[in-house]
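A.B. asks: Residues per chain, in single letters:
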Amino acid sequence: MNLDKYKVKINASLNATLRSYSQIFFSENKFFSILLLLVSFIDFWAGISGIIAVTVCNLTAFSMGFNKEKIKKGLYGYNALLVGIGTGLNFEPGIVLLILIIFAALLTLIITINIEGILSKYSLPFLSIPFLFGIWIVILASSHFDALGLSHRGIYTYNELYSAGGSTFVKIYDWFNSIKDFEILKIYLLSLGAIFFQNNLLAGILIAIGLLIYSRIAFTLSITGFFAAFYFYEITGSDFAQLEYTFIGFNYILTSIAIGGYFVIPSAKTYLWTLILLPITVIITISLQNLFLPWGIPIYSLPFNIVVILFIYALRQRITGNKHLTDTFTKQNTPEKTLYLNKTYVQIIKDKNFFPLNLPFWGKWTISQAHEGEYTHKGFWKEAWDFIIVDKENSQFKSSGEKVEDYLCYGKNIIAPASGYVMNINDGIKDNKIGDINTVQNWGNSIVIMHAEYLYSQLSHLKSGSFRVKAGEYVQKGQVIAEVGNSGHSPYPHLHFQIQASPFVGSKTIEYPLTNYISENETTEYKIFGIPKLNDKISQAVPHELIKEAIHLIPGQKISVISEIAGKSTETVWEVEKDYYNQTFIQCTETKSTAYFYSDETGFWFNNFYGNKKSLLFNFFIAFYNVKSAFYKDVSFNSFIRPNLFFNKILMFFQDFISPVYLFLKSEFKIFYIEEDADLSPEYVILKTTVKNSIFGNENKLLNFEIKILKSGIIQIIDNKSNKITINTKI
Amino acid sequence: MEKLKYERPVINKINAGVTDKFGMGHKIPIIQELEGNKISDLTNKYGSPLFVISEKKIRDKYNTAKQAFTTRYPKVQFAWSYKTNYLNAVCKVFHSEGSWAEVVSGFEYDKAIENGVDGKNIIFNGPDKSIADLTKAIKNGSYIHIDHFDELFDIIKLTETVSEKPKVAIRVNMDTGIYPKWDRFGFNYENGEAWNALNRIMLSGKLELVGLHTHIGTYIMAPEAYGVAASKLADLAINVDKKFNHKIKYIDMGGGFASDNTLKGAYLPGKDTCPSFDDYADSITNALINSNLDTQNLPTLILETGRALIDDAGDVIATVLANKRLADGRRSTIIDIGVNMLFTSFWYDHEIYPTKQTGSHSEDTTIFGPLCMNIDVVRSAIKFPLIQKNDNVVIKRVGAYNMTQWMQFITMRPKIILIDTKGESHIIRENETGQTLTAMEKTPTHLT
Chain A
1 MNLDKYKVKI NASLNATLRS YSQIFFSENK FFSILLLLVS FIDFWAGISG IIAVTVCNLT
61 AFSMGFNKEK IKKGLYGYNA LLVGIGTGLN FEPGIVLLIL IIFAALLTLI ITINIEGILS
121 KYSLPFLSIP FLFGIWIVIL ASSHFDALGL SHRGIYTYNE LYSAGGSTFV KIYDWFNSIK
181 DFEILKIYLL SLGAIFFQNN LLAGILIAIG LLIYSRIAFT LSITGFFAAF YFYEITGSDF
241 AQLEYTFIGF NYILTSIAIG GYFVIPSAKT YLWTLILLPI TVIITISLQN LFLPWGIPIY
301 SLPFNIVVIL FIYALRQRIT GNKHLTDTFT KQNTPEKTLY LNKTYVQIIK DKNFFPLNLP
361 FWGKWTISQA HEGEYTHKGF WKEAWDFIIV DKENSQFKSS GEKVEDYLCY GKNIIAPASG
421 YVMNINDGIK DNKIGDINTV QNWGNSIVIM HAEYLYSQLS HLKSGSFRVK AGEYVQKGQV
481 IAEVGNSGHS PYPHLHFQIQ ASPFVGSKTI EYPLTNYISE NETTEYKIFG IPKLNDKISQ
541 AVPHELIKEA IHLIPGQKIS VISEIAGKST ETVWEVEKDY YNQTFIQCTE TKSTAYFYSD
601 ETGFWFNNFY GNKKSLLFNF FIAFYNVKSA FYKDVSFNSF IRPNLFFNKI LMFFQDFISP
661 VYLFLKSEFK IFYIEEDADL SPEYVILKTT VKNSIFGNEN KLLNFEIKIL KSGIIQIIDN
721 KSNKITINTK I
Chain B
732 MEKLKYERPV INKINAGVTD KFGMGHKIPI IQELEGNKIS DLTNKYGSPL FVISEKKIRD
792 KYNTAKQAFT TRYPKVQFAW SYKTNYLNAV CKVFHSEGSW AEVVSGFEYD KAIENGVDGK
852 NIIFNGPDKS IADLTKAIKN GSYIHIDHFD ELFDIIKLTE TVSEKPKVAI RVNMDTGIYP
912 KWDRFGFNYE NGEAWNALNR IMLSGKLELV GLHTHIGTYI MAPEAYGVAA SKLADLAINV
972 DKKFNHKIKY IDMGGGFASD NTLKGAYLPG KDTCPSFDDY ADSITNALIN SNLDTQNLPT
1032 LILETGRALI DDAGDVIATV LANKRLADGR RSTIIDIGVN MLFTSFWYDH EIYPTKQTGS
1092 HSEDTTIFGP LCMNIDVVRS AIKFPLIQKN DNVVIKRVGA YNMTQWMQFI TMRPKIILID
1152 TKGESHIIRE NETGQTLTAM EKTPTHLT
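Residue numbers (the numbering used here), protein chains in the order written: chain A, 1 to 731; chain B, 732 to 1179.
Treat the hints with care, since some could be wrong.
Unchecked claim - The calculated label-pair distances, taken between Cβ atoms and stated as ranges, are:
id, chain 1, residue 1, chain 2, residue 2, range
1, B, Q763, A, D391, 19 to 29 angstroms
2, A, S712, B, N1028, 33 to 43 angstroms
3, B, G847, A, E402, 37 to 47 angstroms
Said to hold, decoys possible - With a cut-off of at most 30 angstroms between alpha-carbon atoms, the simulated BS3-like pairs for lysine-lysine come out as follows:
id, chain 1, residue 1, chain 2, residue 2
4, A, K537, B, K806
5, B, K851, A, K364
6, A, K392, B, K1002
7, B, K814, B, K744
8, A, K711, B, K1146
9, B, K842, A, K633
10, B, K974, A, K730
11, B, K974, A, K537
12, A, K364, B, K978
13, A, K688, A, K730
14, B, K870, A, K364
15, A, K364, B, K823
Said to hold, decoys possible - Examples of chain B residues lying across from chain A (beta carbon under 7 angstroms, computed):
id, residue
16, T801
17, D849
18, S1022
19, T1026
20, K1146
Read the hints as simulated data drawn from the structure, not as lab findings.
Every residue gets a Cβ at the ideal spot worked out from N, C-alpha and C, and that includes glycine.
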């Protein structure tokens, strides 16, 4: 055992303790934590009780071997902390109280682990439910603890104010009370303070400042939520005074932050839902208060817990519509960071949201009927595509076109758009003569493949007897499954393709994009995900061997980096690693900067960067931000980079406030595919990338990079100052 | 009223027996223009005989072929077979469509380079490659298709002096169930020679084995034969992968697809009997997809089709020199292009069309070329209308091989023009003159 090991342990414990404070507001911000710790000490004994509870809880959790990452994040500590402070405030200070608190903290830890076990099955957070159980148990039991006296603190406000800040505090307090206009603000601040069981304005003001520093979105949400609830009280004529005296207001604040920005990616829609949910929370609060009245225990944060869990669970049961009110899959430590990162995800890693479905054929096909088409793609089946093949003269048949065999698409192999189980096959329906339709067996010979829960693809009007698979069989992506025919409601041979949520032939369609294809219409575009339009000529994008090789990084490997910056040559080593959540990242061994990435055969995306923005890794991060492995000359595409990587903190502070609605600070990454070595064993590929920063649409900064990808995974990057970085990914 | 055109009297035997299955009518269609250019305008401008190549037909045919394969297989590459027609203009049309070059000699190789083809996009075939040719090909990173062991040894030896690693494939010959079996090129599949060659390449460690090549024959009427060949190559590829953990990058199915010309002795016209690109594509791609090759990682399919791509695009305009009755009573017509320019008339019954409106009568006619040689027969028997001296005829589908195999003999080689996609004509090869020939001759001084 050496000193370093102890240092690490002490550090971890300190982190866990501090973060337990801010975790109450879903935050891991250190400054906010310290502020909250101070706030808890406004009442000395409450502060002591809290810190004892959280320390006992975290140390026990560490020593018992619970998930260290979670403990460090304060996730196991904050409930015990709340129980500690609550207990500490309720009873007279003394040794007995401290003993009680230690046991209460341990009890809360056990409850926490159990509640987590139950709720995590449904991917739901346990919020402050463990605290509720813990404090209720303590309060209900306390009437028999004769050695404990009830505390009268919290009732004599002036006394406390005076002891905390002398006459100044008392004056401020009086001044506040004297101004009736500020009543609502006062209640807001008191409610904030009530989260820490503090019934004083100082606590509220400090917490409000902390909240603002931690997150602009959380701050605006806390105000939005509180006011929504406040005015609902006003409108309904409920007893408003309850708010002030029974520590209820914070329910509205926490609910608002949770729904509006933490568990759902903040947007104008989450703010709107906050306004809808808060009156509901008010109703639940009042009814619960009446329900709990006979037992003599306060409801604390029960309404918040109920509403948040009900709503999140409901949200997750949706089949479509995940575009709105999107779950936060990677939670960052502030709602705005989550929002920016999500915008990155939405643009770049859509397959986190969408299952990749490829085109079900080889070669270039044309869309003869798209979504909401003029012939048959209507009503329940409006999100479907019809594909045909046309020649140079745009004719879909050769010779006279009177026979099905004349049609270019007829008899062409159909391949599975993605792997999955064959659910249904209809076979045995004869091809129609050209121009004829079979309205009885509308879909003709069809196949439905299940790719995921609620995600099925249907291919129709196939050739009778051409199926190469059977129902129940598992097919691989790209496997030949059947041939194009002319059966069913099909006047001429074509392929009908639709995505649906149920396994039956002819189910209602859903809107779902196809992935990784080249679309030619007026312009040639590479689509990572897209919905092909009428008359688009589309073909599957084929990954380029060199790019594919260069972006194939295996966790555990090392990358050697040689940079020539301003004539000076240096050598660095990066390491590829993966974290606890299997997210892959590159870490610089010197600067410890970390760039998270995601890569597969189709492309490479950086999705997050932490650390030194002057490092080579940051250069690589922005130059190689989003690279698709398919090479098509002169094709280019844009992607969004989160602005907080480039703009300074002051600008970002203002941006954060309106970020759910509008971004005036923009960073845009663009990639151009310039040149490839036309060869079956190519030697190089040249790409160009740019990063453009703009404020209200005015260009602020433009970076250019020329990227050369060579054999055996070598990536060369030259920036506009002709600094050169050579990255060798295969050492 | 315009004076009616004179038509000589014809006597036709009446067949009182069973009518043939094609009926009685023998109205011969006429060709008055090629890609919008009047025949008479072309002959006035460029003389006769005149080879005419249609750029549009080349591009259309190429795209039809490409589409037939790309809609059935993920990775397809065409390589233009230089020997079929290596006129620079023709080659460049193919290259502009994305076709690589397939060459079989040092001369063709240099021509491809001059046509701007990247060395990496040249496939070097054939039994005759000199050390200098091989060195050049290795340095340029071209794909060398090894024909025999002596060549393999040459290449291995060359690795001692050339720093670049040669990229090679082997040509494989095999029994695909058709006759004749072309076993003189490459290594045999059935007797294990091909596998032996692959082992030697892999074990030498000095060559990069990139592909497998076969070329099962020419004018193949049975697409199934390609299927058999493709699955045999796929087996070799799989075995190489299994034994050496080495992925073959491409499978080259060569060429040999039939064009719409009718072979001599064929009962039905080629247009009706020859398989289409779709038939060949179906057979080849199904064989590859159904093989044990990994469908997610299929090798590129290379095709070296020559004839089927270019034959249709070339026509030749000729002029009637004389009409004459032979001793046995047959009619004969002499035109100004003979077998020395129209090599393919040894193999095909070329379609020949008049260019002016004729009467409804036709007569069994032999069409001779202008050479003073008995073998100079363009068509030995064709139902032909009664045309006169100085009338033009158009001979269809002469794009393949004629413009590379023709020879200067008795007459000079004529002009070749290309009609572009807008209908404009361009000379792409001048006619030869006496000067062309004498320029290369040298007379010993004692004879001057």
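A.B. asks: For every hint, state whether the structure bears it out.
C.D. replies: Now for the hints, and whether the structure bears them out:
1. Q763(B) with D391(A): 19 to 29 angstroms: holds, 26 angstroms
2. S712(A) with N1028(B): 33 to 43 angstroms: For S712(A) and N1028(B) the Cβ distance comes to about 19 angstroms; the hint is violated.
3. G847(B) with E402(A): 37 to 47 angstroms: holds, 44 angstroms
4. K537(A) with K806(B): Holds - the C-alpha atoms of K806(B) and K537(A) are around 18 angstroms apart, at most 30 angstroms.
5. K851(B) with K364(A): OK: K851(B) and K364(A) at ~26 angstroms, within 30 angstroms.
6. K392(A) with K1002(B): holds, 22 angstroms
7. K814(B) with K744(B): violated, 45 angstroms
8. K711(A) with K1146(B): violated, 48 angstroms
9. K842(B) with K633(A): holds, 27 angstroms
10. K974(B) with K730(A): holds, 25 angstroms
11. K974(B) with K537(A): violated, 41 angstroms
12. K364(A) with K978(B): holds, 27 angstroms
13. K688(A) with K730(A): holds, 22 angstroms
14. K870(B) with K364(A): Not OK: K870(B) and K364(A) at ~35 angstroms, beyond 30 angstroms, violated.
15. K364(A) with K823(B): Distance ~24 angstroms between K364(A) and K823(B) Cα, so the pair holds.
16. T801: For T801(B), the interface hint holds, since the closest Cβ of chain A sits about 4 angstroms away, which is under 7 angstroms.
17. D849: Constraint on D849(B) satisfied, holds at 6 angstroms.
18. S1022: This interface hint is violated because 12 angstroms lies over the 7 angstroms limit.
19. T1026: holds, 5 angstroms
20. K1146: violated, 29 angstroms
Hint compliance for this structure: hints 2, 7, 8, 11, 14, 18, 20 are broken, all remaining hints hold.
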